[in-house]
Structures are given as C-alpha cells and as structure tokens.
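Going down the list, the sequences are from chains A and B.
For the record, in the first sequence the residue sitting at position 250 is 250 according to the working numbering, with numbers rising by one throughout.
Numbers given in the working numbering equal positions in the second sequence, counted from 1, plus 1000.
Simulated from the structure, these hints should not be mistaken for lab results.
One or more of the hints may lead you astray.
Label pairs and their calculated CB-CB ranges [said to hold, decoys possible]:
id, chain 1, residue 1, chain 2, residue 2, range
1, A, L291, B, K1049, 31 to 39 Å
2, B, P1072, A, L96, 26 to 34 Å
3, A, L134, B, F1217, 51 to 59 Å
4, B, D1142, A, V131, 45 to 53 Å
5, B, P1072, A, Y103, 17 to 25 Å
6, B, V1247, A, D288, 24 to 32 Å
7, B, S1090, A, F15, 31 to 39 Å
We put the CB at the ideal spot given by N, CA and C, even for glycine.
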Amino acid sequence: MQIYLPIAEVSVNAFLLLGLGGMVGILSGMFGVGGGFLMTPLLFFIGIPPAVAVATEANQIVASSFSGVLAHFRRRTVDLKMGTVLLLGGLTGAALGVVVFNYLKSLGQVDLLVRLCYVVFLGVIGSLMFVESLNAIRKTRKGATPAKRRQRGWIHALPFKMRFRTSGLYISVIPPLVVGLLVGVLSAIMGVGGGFIMVPAMIYLLGMPTKVVVGTSLFQIIFVTAFTTMLHATTNFTVDVVLAVLLLVGGVIGAQIGTVIGAKLPAEQLRVMLAALVLAVCIKLGLDLLLQPTELYSLGTAGGH
Amino acid sequence: MYRLIAALCLFCLPAAAAQEEVVLGLSQDRVSITADFDGSEILIFGAVKREAPIPEGPPLEVVVTVAGPSEPVIVRRKERKFGIWVNADSIEVDSAPSFYAVATSAPFHDSLTNTEDLRYKISVERAIRSVGADMNVEGAQDFAAAVIRIRENEGLYSILEDTVAVDEQTLFRTSIQMPADLTEGDYAARIFLTRGGKVVSTFETSIDVRKVGLERFLYNMSRQQPIWYGLMSLVIAIAAGWGASTVFRLLREN
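So here's chain A without its partners, still in its complex pose (with noise of 0.2 Å):
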C-alpha cells in the first residue's frame, strides 16, 4: 500500500516503513540504543530526503525509547539521578552540536563530516566492545568469576561526588556530565539519540551496571530527541509526522519484544551483538566512503543540504 508522505513529498510502501520500524525497535528494545545509527541510513536508502530522514528519526526514537523506558521503570532498572545528571549535560551538548552543524554547513562537506563520524566512532566503539565482552564471555566459560570494574583511577578523584544508589555508585558528577554533553554534541551533529555512543561510555567510563544503563539510556535519550524533534520542526519544517506514525507503530512494537528478549539474554551476549551490529553498519558506510560510486553526481536543493 504506497502513502504519500505530506512533507517528504514521496510515495512510500506503508508496510515497508511498518517492518523498517520493527526491526530497528527490537533492536532499540534490546540494547537501548535508539537505533537512529541504522534507520537514518534505511530511510536515505529508500529515497527520504535526508533533512526529512533526520528529523522525523529524531521523533521516532522519542516513541521507542518512551515505550522501552517504561518497561524497564517496572523492572527497577532506571537510574532517574544519573538520567538526569548526563540529561543536563545532554542538552547542553544538542545546543553546542546545532551550532557546530551550522558552522560545518557554512564550510560545505557537512556531509563527508557526518559520515566520516560515523565511521570513526562506530569503529572505535564496536571494536571496543567486542573485544571488552568476548574476552568477559570467555572467562565466565572458564568458571571464574568476571572480574569487576572499579576503576580507582583520577575519575575518582575529582571533586562533587553524588551517590547514586541504583547504579551502585560514589562518584563525582563531573564524569557523567561531560560524557552528557559530547553525546549531545554528536548526537546533534549525526542526526542520532546517541544511545551506541551513550551505553558504551556508560559501562567503561562510569562503571555502571549493563542492567542498569539500557534504561537509563533510553530515559535521557527521550529528552534529548524531543527537544532535537522540536528544533527540526521549528527551524528547517523537516519532520514528516505521517512518516513518522508508520516508523513508530512498527518501532513501539518491536521495542516491547527487544525488552523481553534482552532481558532473557546475558549482558555479555548482549553486548557481543550489539558491537557486532555497530561494526557492521561502520564497514557497510566505510565502504561507500572506500568504493567508486556508480553514480558520481548527486543533486541538491539550493540553499539546502
């Protein structure tokens, strides 16, 4: 069934963007990403304008998350202080982020900027992560316990501590509102909730439980998207509000199936995949910066992106 898209100006398949939506909510539900790091590519791929693209995933994830964070508020698995804390730090950053598209825009490559983020940042992590939790998965096999984090390092040191008992945590607010305030700044400026970059810093630089950080996540990434919805909406009019009813009926869904089936998993599986999926998207963009496009020329609206 094709639906024609009042501000996207395109006719699109209504049960492709249902299913698109579903499968990025499992995953959204599952590891507590946003999961605007694999949409926004989908929807370029099958001809949304990307400003469009961009802003209406912004609206999607506010959904999914929303819908996510509620099943992990009944399990007890949010830290409203820590949210709260990375939140201020957040918005900060999505102002600062706006500010620094705009310059990037001002330079032209804006593009070539974002994609070579992407591929820097979803590299670095990925790899991360897949060597942190595969070397995790091999010592539980081996029957010793996986060894804590506590880093006693100069991060403990600095001065403003706060207790933050659902994390388990002493520590300064410093941390968490600078990890805030760089997701915020690359959230805005990638056009993502920044929950790939957001659950990493979490578990390695704060130390915090990987139960905990899926929902805490997701709760400050509601507030930053919201507030990154509005921006896009009373700026550029790029949200496409039909486009974004059939992402999020399909995205709600499959986030309430990522959540029962993340929770059945082990963290430590759980993260396998996640650094997998990361490095998969970063080859995929790596690629089609490596690779000689078919088409070399590509149009835009003047004055536009």
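For this one, chain A is given, so just place chain B on it according to the hints.
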C-alpha cells in the same frame, strides 16, 4: 457595448490569422495528492481547428510537453581524495523542472528542428537552464547531463516518441503518466503543432497539482504553526510509546 465587441473582434483577428489552432481537452485539469496518491495518468486530447483545407506538404505533427515547477538545483560531483570519495566540484543549475515529459507523434527530430527546439525550449536539455554555469569547473556540460540522467532514472524526466496518435491530421491524443513522487505546483502543459519541423501553432494550459485533505492540513500546519506541529508529533510519539507498553503489559499479565 458595441465598442467592446469591436475591440474584442480586433483582438481576435491575429488569432484568426493563424491557419491552424489547437482545441484542447484534458481528462483532468487538477491532480489531487491524497494520502494514498499513487501517481496519475493524464489524458491529453484535442482537435486542430482550421478555416482552410488541410495545407499541402509535410504532414502535421504534434508535440506535447508537461513540465513541473522549476527550481534551482545544486549538482555535486564526487572525486577521490586521500583514498576516499568526497564531493569536490559543484554547479548550480539555475532552473530545472521537477517533472518533465515530452510526447511526440513522430521521432523527436522529425517533429522538430533544432532551431525550433532552441526557440521554444522543448527537449529536456533545453528546458534546463544553466546560464550561470561556472566555467572554472571542468566539464560543466556533464553536470546538466547528470541532472537529466538522474531524474530519468527516477522516472521524473521522459521522452515519449511516437506516442501521440494523430488521426486525419485533425484529432490527436496522448496520455502522460505522472509518478507518485510529485511536488506541488502548477504544471504547464504545452501543445505544439509542427509541419516539416517548424512550429505552426502553440497552445498552453496548466494542470493544478495540489495536496488535499489530511496532506494539505499537515503541510500547512508544519509551516504555519511549527511549534504546535512539533508538540503534536511529540504527543503522538509518547502516546504511541505508552500505548504499546500498556498493551504488552496487559497481554503478559493475562
């Protein structure tokens, strides 16, 4: 009153001087883009009105064009730099129609000479205007050609030769398929009557392509009340997220 009629007669004289004129019919003079819009076929038909018998010489040919609203387009070309493919040169094409179809009753170059094509801007190549092309960029012509190639692949530009049926040099008809990915605006339909490659008569009318109903409402709202539009999108998103979560919890409890 008489003076008005006299004036009207005077205006009509030059028109009457043309030997052959188009009397046109369209299956529809407006295209409504609804939520389930899936492209549209427009039937263009008409007759040639003439005061004198059919002139001797080469037969009458009919060329029909339908053009969407024109907009400037930026064309970028990728080049390999430091091992990766990046956008290097770009050219702004001043004006390119969002949709363009040409239908002819004979092979294109039999229906029309190059001079006449240049004068009336009938072929796709002529319909695209790129006067301001940057001469510093190597192969500036390739950029305009790229616009045509890319849009032809997307089904937005087409040349349909031998698709206008002409009966007795008087009646003609053709149909033009408009794709689902249409942009809004006034689409210009032009009909050219040619003999021996020379244009003997032209006729122009417009087809109104508009979003209607829900599509219209949402589009207007996004431009006129962006804050409410954004909030509405968020409310829908949160309601859907909450709804799905509740439904699934109830399903699991039962």
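Verification of the supplied hints:
1. A:L291 - B:K1049: 31 to 39 Å: Because 59 Å falls outside the window, the suggested range is violated.
2. B:P1072 - A:L96: 26 to 34 Å: 32 Å, holds
3. A:L134 - B:F1217: 51 to 59 Å: 53 Å, holds
4. B:D1142 - A:V131: 45 to 53 Å: For A:V131 against B:D1142, whose Cβ atoms are near 46 Å apart, the range 45 to 53 Å holds.
5. B:P1072 - A:Y103: 17 to 25 Å: 24 Å, holds
6. B:V1247 - A:D288: 24 to 32 Å: About 39 Å separates the Cβ atoms of B:V1247 and A:D288, which means 24 to 32 Å is violated.
7. B:S1090 - A:F15: 31 to 39 Å: 37 Å, holds
Violated hints, listed in ascending order, are 1, 6; each of the other numbered hints is respected by the structure.
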